[in-house]
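Student: Start from the sequences and build out the full structure, keeping to the hints where you can.
Each chain is listed here by its residues.
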Amino acid sequence: MSKIFEVPLYPYQRSADQDAETPVRHPVVVVGAGPVGLALAVDLAMQDVPVVVIDENDKVSRGSRAICFAKRPLEILDRLGCGDPMVEKGVVWNLGKVYFDERQVFGFNLLPEQGHKRPAFINLQQYYVEQYLVGRLRQLEAEGKPVELRGGNKVINLSQDEAGAELTISTADGPYRLHADWVVACDGAASPVRTMLGLDFTGRVFEDNFLIADVVMEAKFPTERWFWFDPPFNRGQSALLHKQPDNVWRIDFQLGWDIDRDEELKPENIDKRLKAMLGEEISYELEWSSIYTFQCRRMERFHEGRVLFAGDSAHQVSPFGARGANSGLQDTDNLAWKLKLVIDGKAPITLLKSYDAERLQGADENILNSSRSTDFITPKSEISRIFRDAVLDLSERYEATRPMVNSGRLSVPCTYDGSPLNGPDCATMPERTRPGSPMVDAPVPGGWLLDQLGTGFHLLAIDSEGTDTLRVDGIEVRCLDLSTSDDAIGHLRQRYLGNAAAAVYLVRPDQHVAARWDHYDAAAVKAALRKAIGR
Amino acid sequence: MAALNTQANIKAPDEFYAELLAVHEGRTKAESDALNARLILLLANHIGDRQVLAEALHAAALEE
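Keeping their order, the protein sequence lines are chains A and B.
With the numbering used here applied, the first sequence corresponds to residues 1 to 535, in that order.
With the numbering used here applied, the second sequence corresponds to residues 1001 to 1064, in that order.
Treat the hints as calculated values from the structure; they're not laboratory data.
Worth double-checking, as some hints may not be accurate.
DEER-style ranges, computed between Cβ atoms [what the hints assert, rightly or not]:
| # | chain 1 | residue 1 | chain 2 | residue 2 | range |
| --- | --- | --- | --- | --- | --- |
| 1 | B | H1046 | A | R103 | 18 to 28 Å |
| 2 | A | I383 | B | I1047 | 12 to 22 Å |
| 3 | B | A1060 | A | A190 | 43 to 53 Å |
| 4 | B | A1022 | A | V92 | 46 to 56 Å |
| 5 | A | P403 | B | G1026 | 29 to 39 Å |
| 6 | A | L95 | B | A1061 | 34 to 44 Å |
| 7 | A | Q139 | B | L1042 | 49 to 59 Å |
| 8 | A | V92 | B | T1006 | 49 to 59 Å |
| 9 | A | P85 | B | L1057 | 42 to 52 Å |
| 10 | A | A357 | B | G1026 | 53 to 63 Å |
Owing to the predicted nature of the structure, the values given are computational and were not obtained by experimental measurement.
Virtual Cβ for every residue (Gly too), placed ideally from N, Cα, C.
Tutor: Structure representation (C-alpha cells):
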C-alpha cells in the first residue's frame, strides 16, 4: 500500500488561464499548498474571496514533518470547518515527562484547566493536516466557492507595481502568466518568492544536527511527550519520543555539529540508535528519516507592496516548542479577514500594516522562546551546561527549579498587546482576555463559545442589556448574548467578567479581543470597530 | 528603592564561611562548580524578587 504522501492529490491539470490571450487577473494568488497556504485559501474561500493556490508539487508533504498541533491552531481549524477530523485522527496529549541521565526528573501537564473544547495538543502528521485541508478546499469548491488548487505550477518570476503583481508560472505545458491583486507567499523557509524579490531573511544559525526517525511499531508507551537530556543511549545529547497516529512514533536524536550525514542516515546506523534506546528486541518499520539543522530568523517585515508572506517563508524557528506550523496558521488567521475587508473596499489598505505589526510580534515571541529552548537543550558553553545540569539535578528533588526546565516552550498564541487595532480595556476584567488576546474558550449553552463565534465581527455580551446586531461602514457585527445564570461552574465569569457585573466584548473575525466594556454603548462599539479595521 | 541588601546580614559570618568551604571539601572542581550552580539556583528561587536578583547579578559582576 502506498503512503498518502506518495499519491498525487492535486495532479497538474491544464487551466483555461494558460490559453488566455492576456494574463488573467485574480484577486488573490497563494503560492504554496502546505498547511499555511491551504488554511489561508480555505479561510478566504469561506469568505467568498476568489483565490488560486499554486504549488510546484502535487502531493502532501513527504514525511510527518510538523506533528504537534496546539490548541489555538485547532480552534482556527475548527473555524475553517476541518478541526473535527483532525482531532479525531490525532493523538491527544497533555502530559510530558523529562528525563536526565537515567532518571525521570519530573512530569508536566500542559492543560491543567477544564472547560475547553480542544486539548493542549494533538499529534498529527503534517501530511494528514494537508490532506484534510485539501479535502475541505474541495468541499468548498463543490459548494461553488471561488477556490482553485493548481498542482504542477511553479512560480519562476514575479514582479509587482502599486496595483498588483505579475507571476510567471512554469508547467508541464510550458509557462504562462497570471496577474494578481495580492500574492501571499506560503512557500516555506526557502521561499522562492522571497528570493525573487531579493528580500533578507536573517537571524541566528544553531550549530547542531538532529536526526528524525519516524518508525512504525507496536509499543506500549503512554501518549506523552518524553524528553531526555543526556541519556545513556545518546550521551551528551538529547532525545525525544512522541506518538503519532497509525502507530507511528517520532524519535528525535540530537547529533551534534560535526557529523557525517550520509553515515548517520544509513538504516543500519539508525537501527543501532533505536535499539540502544528502545531495546534489542524491538521490531519496527522505518517510515521516514531526515537530518535537520535549524535557524531562528525572520524577514524584516512580512508585507512588501502587493506581496505578503505567511508561515516559514516569513519566519523560521527551531522545532522545539512546535512553533512553526502553529504560528503559520495564526498568520493566516490574522491575514484572511484583513485581506477580505481591503479587497471589499471596507477597510483602508493600511489595515495590512497591522498584519506586520501583530505577526512580527508573534514571530519575535516564537523566536525568543525557541532560541531559549535551544540554549537550554544544547548548552553553548561550559558554564551554561553546568547551570543546565544544576537545574535538572535540583528538579528531580525540588519543585523550585522545574519551571526553568526548558525542553521546548510549547506553542501558545500571541496576545497583541499594543496593537494599533486595540480599543478600550476595562480594568476590572481578567487580564487573560484583555484587548489583543485570543478569546478563551468556555462551555456555553449548546456547545462551546468559540464555535458560536465563527468568522466575522461579534459582540459578546454577558449579563448586559440593550445590545443588538449592528452595521458599521457596511460591516456586520453579530451579537451573542450570554448569561452567567447558565454558567454554573463559573468559566465565563472567571474568563470574561472578573470583578465586573456585566461585560461587552468586541471580537475580531480572528477571535481576538478588540475592545471591552462593562456596559453597552453603541457609539463606543462603533468607534472601536473603526479602529479595529484600521480607520 | 535599593532592593538588594549589600550590608552585612549574616550572623556569625565566620561560621557560615567555614560551612561554605566545608561543603566543598573533598570535591573535584567539576563537582564544586555543579554544587555552586545548584546553590545559586536555590538561593535565587528563595529570593524570588526579580529586582533583587537583577541587582545581585549586577553587583556580582563588579561593574560600574
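Student: Would you mind marking each hint as holding or not holding in the structure?
Tutor: Comparing the hints with the structure gives:
Between H1046 of chain B and R103 of chain A the CB atoms are about 24 Å apart, so this pair conforms to the stated range of 18 to 28 Å. Distance hint check: the CB atoms of I383 of chain A and I1047 of chain B are about 20 Å apart, consistent with the given range 12 to 22 Å. At about 44 Å, the beta-carbon gap between A1060 of chain B and A190 of chain A stays in the expected band of 43 to 53 Å. Between A1022 of chain B and V92 of chain A, the C-beta spacing of about 51 Å keeps the proposed range 46 to 56 Å intact.
With their beta carbons about 33 Å apart, P403 of chain A and G1026 of chain B fall inside the hinted range of 29 to 39 Å. Look at L95 of chain A against A1061 of chain B: about 40 Å separates their beta carbons, and that is inside 34 to 44 Å. Take Q139 of chain A and L1042 of chain B: their Cβ atoms lie about 57 Å apart, and the range 49 to 59 Å holds. Under the hint 49 to 59 Å, the C-beta atoms of V92 of chain A and T1006 of chain B, about 52 Å apart, fit the expected range.
For the pair P85 of chain A and L1057 of chain B, the supplied restraint of 42 to 52 Å holds, since their beta-carbon distance comes to about 51 Å. At roughly 58 Å, the beta carbons of A357 of chain A and G1026 of chain B sit within the given window of 53 to 63 Å.
The structure meets every hint from the earlier list without exception.
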